[in-house]
Amino acid sequence: MKTKCIIVDDEPLAIKVIKNHLQSLDDIEIVAECRNVIEADKILRKEKIDLIFLDIEMPKITGFDFLKSMEGQTKIIIITAYRNYALKGYEYDIVDYLLKPVSFDRFYKAVNKFLKQQEPSDVQIFDVKNKANSPFIYFNEDKTIHKVFLDKILYIESFREYIKVHTLDFSIKTKIPISKIENKLKEYDFLRIHKSYIVSVNCIQSFNSRSINISKQELPIGRTYKDAVMKVLKFDSDLL
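Going by the working numbering, the sequence shown opens with residue 1, and the numbers climb by one from there.
Keep in mind that the hints are not guaranteed to be accurate.
As the list claims (entries may be wrong) - Okay, derived cross-link-like pairs now, EDC-like style, lysine to aspartate or glutamate, Cα gap no bigger than 20 Å in a straight line:
(1) 16 <-> 26
(2) 60 <-> 11
(3) 164 <-> 91
(4) 180 <-> 157
(5) 113 <-> 96
To be verified - Simulated restraints on C-beta separations:
(6) 23 <-> 46: 18 to 26 Å
(7) 127 <-> 38: 42 to 50 Å
(8) 227 <-> 106: 33 to 41 Å
(9) 215 <-> 91: 23 to 31 Å
(10) 126 <-> 82: 42 to 50 Å
(11) 210 <-> 179: 35 to 43 Å
(12) 47 <-> 127: 30 to 38 Å
(13) 143 <-> 57: 39 to 47 Å
(14) 103 <-> 208: 28 to 36 Å
(15) 106 <-> 211: 36 to 44 Å
(16) 144 <-> 13: 35 to 43 Å
(17) 179 <-> 151: 18 to 26 Å
(18) 29 <-> 227: 26 to 34 Å
(19) 227 <-> 90: 27 to 35 Å
Please keep in mind that the hints were generated in silico from the structure rather than gathered at the bench.
As the structure is a prediction and not an experimental result, all values here were calculated from the model.
By construction, the Cβ of each residue, glycine as well, lies at the ideal position given by its N, Cα and C atoms.
My request is simple: use the sequences and hints to build the entire structure.
Printed below as a string of structure tokens:
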């Protein structure tokens with residue numbers, strides 16, 4: 001299946017360069033070319049997009065304003081003429097930050113980085129049936145393997161390509177994108193509530209339409225996750 005992408009840039013020449021680079025990549029399909037983020041938002045409401053090539057300085061709404069409103073699985077590669085935004089860009093969990101004019105080699109490296117992030121998960125949950133112990137998972141931290149039982153996990157927090165696993169007794173930080181572990185945990189009563197958080201449903205102490213409380217920690221519910229969260233919790237969010 002091809003990766004679906006959109007290009008968001010108000011400069012026709014910049015769009016042309018990105019399109020030319022993408023012509024050499026058979027596994028990526030351009031769904032739309034958008035001259036501003038308003039056009040991009042309309043596309044995202046209608047269709048699932050995997051990757052966005054995003055400019056920063058654009059009229060009306062900047063690329064960063066767009067990033068602030070975004071949640072979900074869509075990945076971002078920023079392509080801009082402004083070097084000074086790089087640090088801020090990585091605060092939004094972007095795949096890469098490219099400076100115009102972008103050579104094909106540098107462009108290909110960024111796209112390849114994205115594709116590697118989409119590779120099938122190598123996360124394995126060990127579920128031993130008819131045993132006293134609950135299912136468990138191994139995490140690697142500082143070249144040490146930790147065995148973590150799923151019923152001890154409170155929530156999982158994302159830091160770009162890393163996650164921090166918070167348990168009843170300790171926390172572990174390991175290099176796994178949160179998207180790789182999400183599907184593995186769904187069948188064990190874990191719920192994605194935000195682009196940066198997965199929680200154990202059984203450990204939820206209280207909640208409202210904006211946040212969930214677990215072990216004295218208030219975790220935000222992302223706007224695009226709200227309906228799904230309330231459905232799992234079997235609660236009418238209009239009552240909150």
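Quick rundown of the hints versus the structure:
A distance of roughly 17 Å separates the Cα atoms of residue 16 and residue 26; the hinted pair therefore holds under the 20 Å criterion. In summary, the hint linking residue 60 to residue 11 is supported, as the alpha carbons are separated by about 14 Å, within the 20 Å threshold. Proximity of residue 164 to residue 91 is assessed by CA-CA distance (about 17 Å); at most 20 Å being required, the pair is judged to hold. Between the alpha carbons of residue 180 and residue 157 the distance comes to roughly 13 Å, so the proposed pair stays at or under 20 Å and holds.
For the hint pairing residue 113 with residue 96, the CA-to-CA distance comes to about 8 Å; that is within 20 Å, so the pair holds. Taking 18 to 26 Å as the suggested C-beta distance range, the pair residue 23 and residue 46 conforms, at roughly 25 Å. For residue 127 and residue 38, the hinted distance range of 42 to 50 Å is satisfied, since their beta carbons lie about 47 Å from each other. Taking the beta carbon of each, residue 227 and residue 106 are about 39 Å apart, inside 33 to 41 Å as hinted.
At roughly 26 Å, the beta carbons of residue 215 and residue 91 sit within the given window of 23 to 31 Å. For residue 126 paired with residue 82, a C-beta distance near 48 Å keeps the hint of 42 to 50 Å intact. Judged by the Cβ atoms, the range 35 to 43 Å given for residue 210 and residue 179 is violated: they are separated by roughly 23 Å. Range check, residue 47 to residue 127: Cβ separation about 36 Å, and the 30 to 38 Å hint holds.
Distance hint for residue 143 and residue 57: a CB-CB separation of about 43 Å, consistent with the stated range 39 to 47 Å. The hinted range of 28 to 36 Å is not satisfied by residue 103 and residue 208, whose Cβ atoms lie roughly 49 Å apart. Distance hint check: the CB atoms of residue 106 and residue 211 are about 40 Å apart, consistent with the given range 36 to 44 Å. Checked against the given bound of 35 to 43 Å, the beta carbons of residue 144 and residue 13, roughly 51 Å apart, lie outside it.
Between residue 179 and residue 151 the beta carbon distance is about 23 Å. The supplied range of 18 to 26 Å therefore holds. The supplied range of 26 to 34 Å is met by residue 29 and residue 227, whose beta-carbon atoms lie about 28 Å from each other. The hinted window of 27 to 35 Å between residue 227 and residue 90 holds, with their beta carbons roughly 30 Å apart.
Violated hints for the displayed structure, listed by number in ascending order: 11, 14 and 16.
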